[in-house]
Amino acid sequence: MQNPIHLEISRRNLLISSAASAAVAGAATGQVAAQEARDSMQFMSKVTLTVNGESRSLDVDNRTTLLDALREHLHLTGTKKGCDHGQCGACTVMVDGRRVNSCLSLAVMHEGDQVTTIEGLGKPGALHPMQAAFVKHDGFQCGYCTPGQICSSVAVLEEIRANIPSHVTGDLMTQTAVTPAEIRERMSGNICRCGAYSNIIDAIVEAAGTKT
Amino acid sequence: MRPFTYERASSVEAAAKAAASNSGAKFIAGGTNLLDLMKLEIETPTHLIDVNGLGLDTIDATPEGGLRIGALVRNTDLAAHAIVRRDYGLLSRALVAGASGQLRNKATTAGNLLQRTRCPYFYDTNQPCNKRQPGSGCSAIGGFSRQHAVVGVSDSCIATHPSDMAVAMRTLDAVAETVKADGSRRSIPIADLHRLPGNTPHIETGLESGEFITAVVLPPPIGGKHIYRKVRDRASYAFAIISVGAVLQPDGTGCVAIGGIAHKPWRVAAADAALQNSAREAAGALLVDARPTDANRFKIDLVERTLGAVIAEARG
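For the record, the sequence lines run as chains F and Y.
Per this note's numbering, the very first residue in the first sequence carries number 1; after that it's consecutive.
Per this note's numbering, the very first residue in the second sequence carries number 1001; after that it's consecutive.
Next comes chain F alone, as it looks inside the complex:
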């Protein structure tokens, strides 16, 4: 079990169970304390998921998003919190091979799932081809959106290969092609406020050509 280390989270946990913990601390009787403890436990769940190939078991407040579980509990801080409302894409990770906004998903809903974060794609010295392409093409400025951009773009190429249509797909009955227009449309859920979009597209186009 991993425990969150950040003060913010500790404070939040305190608030969550304030009524229960107050009762526990000053329990008039053991019976009341036990009941209150059971009540607070109902707001917690145990979940086991595989992150970057490693099985991880967590006890989480039910409210914990997959994003917060990754960052605050597992300390995989490569995945970023931008808007926390599914609008910016900074929190994009892959769950069972599909890209999702980890901020709009509860950790408890991922029992048994396979999660891949930016840390699982590649490492310094052994970069994923998409990571290398982003470096080569300068596909970022501040870098905050970059982990989400890279996770999303890896999934985009897989979605095109799987012939999932997009808004700009011409004929629904033919194989979708890897084109800058297709990539641009499919990456619209990842915002880059530095405006590195043209370099991001260049990086993805190159990575599309280098992957088999």
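Read the hints as simulated data drawn from the structure, not as lab findings.
Here the structure is a predicted model, which is why all the values come from computation and not from measurement.
Each computed SDA-like pair below joins lysine to any residue, with the alpha-carbon atoms no more than 25 Å apart:
#1 Y:K1225 with F:I164
#2 F:K123 with F:G53
#3 Y:K1026 with F:D59
Between beta-carbon pairs, the in silico distance windows are:
#4 Y:I1083 with F:D96: 17 to 25 Å
#5 Y:P1189 with F:S57: 40 to 48 Å
#6 Y:R1118 with F:A162: 28 to 36 Å
#7 Y:T1044 with F:S57: 25 to 33 Å
Each residue gets a CB set at the ideal place from its N, CA and C atoms; glycine is no exception.
Starting from the structure of chain F, add chain Y where the hints point.
Only chain Y this time, still in chain F's reference frame:
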């Protein structure tokens, strides 16, 4: 976000029963809309029933020649399905016109139908909103209402239904199948699923407490050209200002529903009948009782012009 207890549903019937027996309970599937609203404490369930383990994620042929789409089929999978692309292209087109790739991977068929409005005043908990807090008033009426509804509105609410998929479902005469808390089943045409705001805008569908949508059924394909034309403020990942979902036959007949102009996908029988004549006549039938604000009056012309473009595209 408020604290809540959590359970994984073991069956559709158990889920419906559990939801009906707990007034603070909500179903959660994709969660992309519910969790967003829970973070803002606009939705404050005290108990979540996770229905993701119930199956309901297949698309199957019906004996009538249509398709039964499981409630938990993700938007991505529905848009990519071979038969949907071939026979119900309008549905594929509407789905990929909505949200982002990440959201479509999570969002479900039933959840898409049941998503809440994106009215900015509904989202702003500092503002009155009859939908969020019944009786508090409507900030959109007299406020910034460029995005809002022009037909089917009331003095209580001018919010729109945000779904693209629902517009296609309405054009295609889809039917929702449900299970009620007592275990009984019924079918609800999409036409009847969503309510107009009236003086109870917080009640958005005709679903009963605990009632659970298990599938959406498409009738047999009707051929024709399938066109979804969405007009929005940016080219991708934005809600519709208006949208047109149409199936048009070679002889000019067809059916059409409009998104972004009402509390539900907007379809009028007289407009279908007028499609053969002109976009102007069809748009007139759709908007006969329109009550736009000064800020969204432009939608009246936009519906006619977009409909005209769709008819021209169908003629090739």
